[in-house]
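Peer 1: Here is how the chains run, residue by residue.
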Amino acid sequence: MRRLAIGGRIDRSQPMEFTFDGRAMTGFRGDTLASALLANGVRLVGRSFKYHRPRGILSAGPEEPNALVTLGTGGRREPNLTATTVELADGLVAESQNRWPSLKFDAQGINGLFAPFLSAGFYYKTFMGPTRRAWMFYEHFIRKAAGFGRAGEEPDPDRYDVRHLFADVAIVGSGPAGLSAALAAGEAGARVVLIEQDFALGGTLLSDPQDSESAAWLSGMLARLAGMPNVSLMTRTTAFGAYDGNVLGLVERHGSGTADPKEGQARQMLLLLRAKSIVYASGALERPLTFANNDRPGIMLASAARIYLNRFAVLTGTRVVVATDNDSAYRAAFDLATAGAEVTIADSRAEPIHDLREQARRRGVAVRTNSLIANALGRRAVRAVSLSEPGGAATVRCDLVAVSGGWSPTVHLTSHFGVKPVYREDIQTFVPGKLGAGRFVAGAVMGGLTTAGAIEQGHRAGVDASAFCGAAKAVQQPVRLELTEIDAGPDDSPLGTSLRPAPLAQLVRGGYGSPAILPELHRPRRSGETSHAKRTRGGDEEGAKLAAGKAFVDIQMDVTTQDIALAHREGYESVEHLKRYTTLGMGTDQGKTSNFYALSAMAGLRGMAVPEVGTTTFRPPYTPVAIGALAGRSIGHHYKPIRRTPMHDWHVANGAQMLEGGLWMRPWFYRTSGRDVNEAYVAEMRMVRETAGLMDISTLGKIDVQGPDAAEFLDRVYANGFARLPVGRARYGIMLRDDGIVFDDGTTTRLGERHFFMTTSTAKAADVMSRLEFLLDTAWPDLRVSVTSVTYEWAAMSVAGPNSRDILAAAFPDLDVSNEALPHMGLLEEQYRDMHLRIIRLSFSGERAYEIYVGASLGNEVWCRLMEAGAPFGLKPYGVEALGALRVEKGHIAGPEIDGRTTLDDLGLSRMVGKRSGYVGEVLERREAFSDPARPRLVGLRCFEPGKQLHAGAILFRPNESLQGHGLGRITSVTYSPALDAWVALGLLAREAAVEGAEIVAASPIIGQAVRARVVSPIFLDPKGERLRG
Amino acid sequence: MLRIECPCCGPRDHDEFRYGGDASVTRPAYDDPDFEAWYRYVFVRENPAGLHREYWQHVVGCRQWLVVERDTRSHTIASIRFARETRA
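Each protein sequence line maps, in turn, to chains A and B.
This note's numbering applies: residue 319 is where the first sequence begins, and numbers increase by one.
This note's numbering applies: residue 129 is where the second sequence begins, and numbers increase by one.
Because the hints were derived from the structure by calculation, they are not lab data.
Keep in mind that this is a model prediction, so the values were computed, not measured.
Honestly, I wouldn't trust all of these hints.
Stated by the list, open to error - Okay, the calculated beta carbon distance ranges per label pair: (1) Asp162(B) with Lys1266(A): 45 to 55 Å; (2) Lys1266(A) with Ala157(B): 48 to 58 Å; (3) His1073(A) with Asp160(B): 38 to 48 Å.
Positions of the beta carbon are idealized from the N, C-alpha and C atoms, including for glycine.
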């Protein structure tokens, strides 16, 4: 293996330094990591997933199953990248994977000896049933032994971004079909985006020699496209998924030429491309062959050997066996021979389709027909191959085996809309199914492999796709590429036929633990071919010896022909079962080189045709996408928006511990009240009950309701009546859903005859708003009402406690806040100097309290004014923890009780509604099931065990009942009550057990605790409400 | 990704909208006491494979409730109207 002195599309004037497993190496600009490794003589690049077998580079593209590497260090560490697609960059640090202690000596290579025990379904069989416990013990070791690379554990320092793109015509792939489509669509006047995953444009044309006609055609096309302002060419960009509305998901990798992106540049960018039409010119992937030890380093796809030679100027072998069952591999054979390699073609057919013998002879390439590759010899690198031929077995020494089992069109993206690919019997492969409007295909993805055909189809697709978007300027004839006889080689054939004959695995025998299935059994016998056994003197036994060893179908997941036969014997015949049972196609390569073999093998075993067996579902992504790219900038601080109240900075500056609730940041407790939350909230509760406290309630949902029918509207929306609410008064209201379950609660104040001010809970603000709009738009468009969210417009705070009125009077000396002027549930809306104040006397805590609303920009000013005026009265701020505890003491329901399962009756609120009718949820609330005595009812619980506390979420049982199952109910909210010096709780308890005075056991199985409590009234404090009046 | 042509704001991504359920069911009058009618309105759904009338609200746009006719098999949208207009 060596780098040639001339040729290739690498820039020898720009050397790139990189390391592989710590070893310093040099490549050139234009190399992939794989080509640079090969140029440095590296054949062994990884160990396999299950058996830790030595593996080399199989392909030159995204289908690579073996050459997985980890790039970068620290937070930049990224595992499981295919070396064949990584653009070489200066300073690149690459590591091989799944080996210990080193790649050359891998301790777990011994797994191969245990292979008979590691067959398909090993884990299910070994660790299910009585032995399941063993899994707990072995899991750690098994997971460590079998696997891929390890991700970094530190935060990734790089930036990832998301961008939106729009186009008339999106073209996936820049081979002859894609380029031809781009030119035609560009000439037609469409806005074109051409997407190429490689860092170079040209697709399959890049594998032709640089001095060839096709290379000249490519540079001519690129020059013309570069001159078209309406055509944008995107390299290093993978179209990984196709989504509804013709959206393509793209991921673009940075192209800095250095391992890490330049300052300010994103490492990867997620692009959502909305295109009016799409042209899929995604090409085809070559299939390997299945034979014993077909995974040895030095076995490579024929097309890959040709790409490494012509694009990267790396001769990957000097003694080459090209094993093929189709004509396309002859091209690689000829190019390798021209470059100086000694080449033997082992063609399984009686004769190539095209007249290639003469060309082979001219280049000194030996052609052996009726020659089936049976085995590869050599462990860390291939040394020779065994060929099964009519005259007997032959061994040919070699250092490279170039294999070709035909081609599989890259139908992945075309199938993402649920379009199943269809089987073409004539070329034995799957091609895209019938695509929806505005989606077109061109080139090898259709099953043809000729360059001239691809150009023609691409041109047509480009014209059609732009016409679909209304771009129909005159388009010139396509730029044709008439390849000469030699360069055209085996592919100068009518559309499609060059794919023939693809191997059709027909796996019929092969016992568990027996030698690998004979290679010939993997494909149908063609006319003129004799049976393997007949050819081999000594019959079956001799043939079996020749083909001894594992024959891999899915090289990445270590799935062999035996595993497929085993799955069949055990009844896992459906392709979806086969996949899951054997893990075939479930690796990072998603079976790009293996799925077809598996399908045809299963078809053979079941005696069915391939299309009857079907395919597994193609889903995005086509190739792996880094989570970082999907997250974009939505990480850390930017993960989601944060809402801050107008008084936020004051809270932070004054010792508040902030808490996220919904998207809001709210003060949880103030560190000035206590060392931790438990100490602080009790102190804050005492303060509110004894002097006064100030709370930021700006997060409440606030809705302005106006219109001639506003009162009627609210009367229907709330379960309790609002029509006769006097102007200047507030009322607590409760809303139901259509199905009769409680939706939300809040207060609404009548500002004028036709004007109301509604508040909702913080959590349900958006839902309530949307619901009101829904009712007005769809159910009652005749009501003349408009609703407007004013949540952000008003700052709000509540001053609560016995001293609250004095504080209010001190803060606003000109306002009359006497009990007569502003009674409980009263409203005072006044201009106070430059401030428009809306003061509503409402209490959630059970103390005398006032809610003060003011324009958001004045919120902080009013807050500070209250704090200052309140200081002599002992006013301090309190947080949501204390607020929640105060309302529990008062038996006020909140989110934990309004949990989407409770009815008005459950919550003891039926009396509020009485005999009203015509409100949302009324009819279905009367469902029979809602009066079931097993339904829970809101109760108070008081712990009477000294030194013990109640826990939210505890399950309620009768005393002496076994603490099993779902019990009779649960605790919803809990607090320590300083007023009662006891732990109290609200709970939902089955009606039959909800008898005041009854004893109950509250069990918290997770913390292993059971506490005894007594059922009491949910209103623990001041049941007559004397504290809040007067 | 669906794109919804809002009659007020133009074509927008579906993530600007909030799905509001089946628009083919008839909501009984607010004071209709018929249990069966409410039961059918709240719980009984056709779930067609084909055209489906459904409510969407343009929550981060004009906040209008829309009636969208969408093919559940292909996500093709056949028509979009303001809910108020379909009702009135």
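Peer 1: Which constraints among the numbered hints does this structure fail? Numbers only, ascending.
Peer 2: 3
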